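Work out the full structure: start from the sequences and follow the hints.
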Amino acid sequence: MSTAQVGDRTQPVKQRQPGLKPWGMAHHFNSFAQQQEASYFGMWLFLVQEIMFFGGLFTAYIVYRTAHPFAFALGSRTLDIQLGAINTAVLIGSSLTMALAVWAAQTGRRKAIVVFILLTILLGGVFLGIKTVEYSHKWHEHHVPGPDFQWEGSQGNRVHMFFNLYFLMTGLHALHMIVGMGILAVAAVWAWRGAFTPDNHNLIEGLGLYWHFVDIVWIFLFPLLYLLGRNVG
Amino acid sequence: MSEHKVTGLGAYFSVFLALMVLTAGTVWAAFTDLGAWNDIVAMAIALTKASLVVLIFMQVRFASRMAKITVVAGFLWLAILFGITLSDYFSRGFLG
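Same order as they appear, the protein sequences are chains H and G.
Residue numbering for the first sequence follows my numbering, beginning at 1 and increasing consecutively.
Residue numbering for the second sequence follows my numbering, beginning at 234 and increasing consecutively.
The set of hints was computed from the structure by calculation and includes no laboratory data.
Watch out, some of these pointers could steer you wrong.
Covered stretches of chain H, as calculated for chain G (at least 3 residues, CB under 8 Å) [said to hold, decoys possible]:
| id | stretch |
| --- | --- |
| 1 | 37-50 |
| 2 | 61-75 |
| 3 | 153-167 |
| 4 | 210-220 |
Keep in mind that this is a model prediction, so the values were computed, not measured.
Where is the CB? At the ideal position from N, CA and C, for every residue including glycine.
Quick look at the structure:
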């Protein structure tokens with residue numbers, strides 16, 4: 001097979017010259033542990049700037065909601081709490097399968113990596129599907145911000161702001177999921193070909209960090225957008 | 234991750250269960266009128282869930298000191314962003 005390639009660990013490592021690094025280790029690292037540490041640290045640096053990126057939107061939400069709590073409660077109540085709760089459970093489930101994919105990579109289970117990545121993509125798809133249903137409800141109710149926005153009750157402009165933030169925050173979150181699912185699909189192919197070993201599976205580990213981060217963003221979005229303000233009269 | 238510690242499956246499934254229970258708890262708490270405490274309870278539950286994900290799913294508990302400092306710094310700067318912005322907005326009323 002012409003696919004005896006990058007990932008095939010059953011083939012002996014060909015020593016082209018003395019001092020060549022083992023397969024899977026970049027030349028500028030001294031050990032797999034060092035390479036993995038650099039990858040883990042680098043991924044967290046990326047996630048820290050993602051925290052600041054989403055943090056700006058969360059700040060805007062806090063400022064507007066504190067100024068107009070009643071209007072935000074009105075807007076929040078038009079959201080479907082059941083679909084939101086189901087989606088939270090689906091996303092937590094996808095975080096579990098992602099964690100299991102990393103576990104499979106750490107323990108060298110090639111097929112299990114592929115299965116868990118595909119399950120993660122599937123659950124991500126379910127989440128986006130439910131989100132699409134929610135968005136289409138909002139579209140038909142004329143709650144999508146823009147010239148077509150309509151609000152029967154009071155405080156229309158302030159409720160409009162709530163929906164601006166709702167679509168911006170959930171939309172940016174969904175975009176992150178779409179990007180993550182794309183890279184996961186590539187990782188599944190590489191995993192099937194045997195590209196990942198217990199020593200070298202930095203892509204899987206990095207993707208795991210990214211996917212869990214997206215989960216954390218939703219863990220805060222769900223109560224902020226769907227739940228707060230349900231208690232008041 | 235320098236010591237290649239592997240989180241056991243039991244920890245992953247326990248965290249998953251805890252996250253599910255906390256999700257149910259936050260929905261239940263949202264429909265109970267706790268006055269000003271509703272927001273605090275919802276955010277406390279969300280912070281607990283996020284901490285579980287960071288420490289166990291993202292394996293920060295096994296991470297090197299440098300990686301841990303990076304994670305803490307990220308959330309510290311987020312707190313600074315919230316703190317300074319809100320201290321401005323919330324104190325404007327003081328000037329009358």
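Hints violated by the structure (listed by number, smallest first): 3
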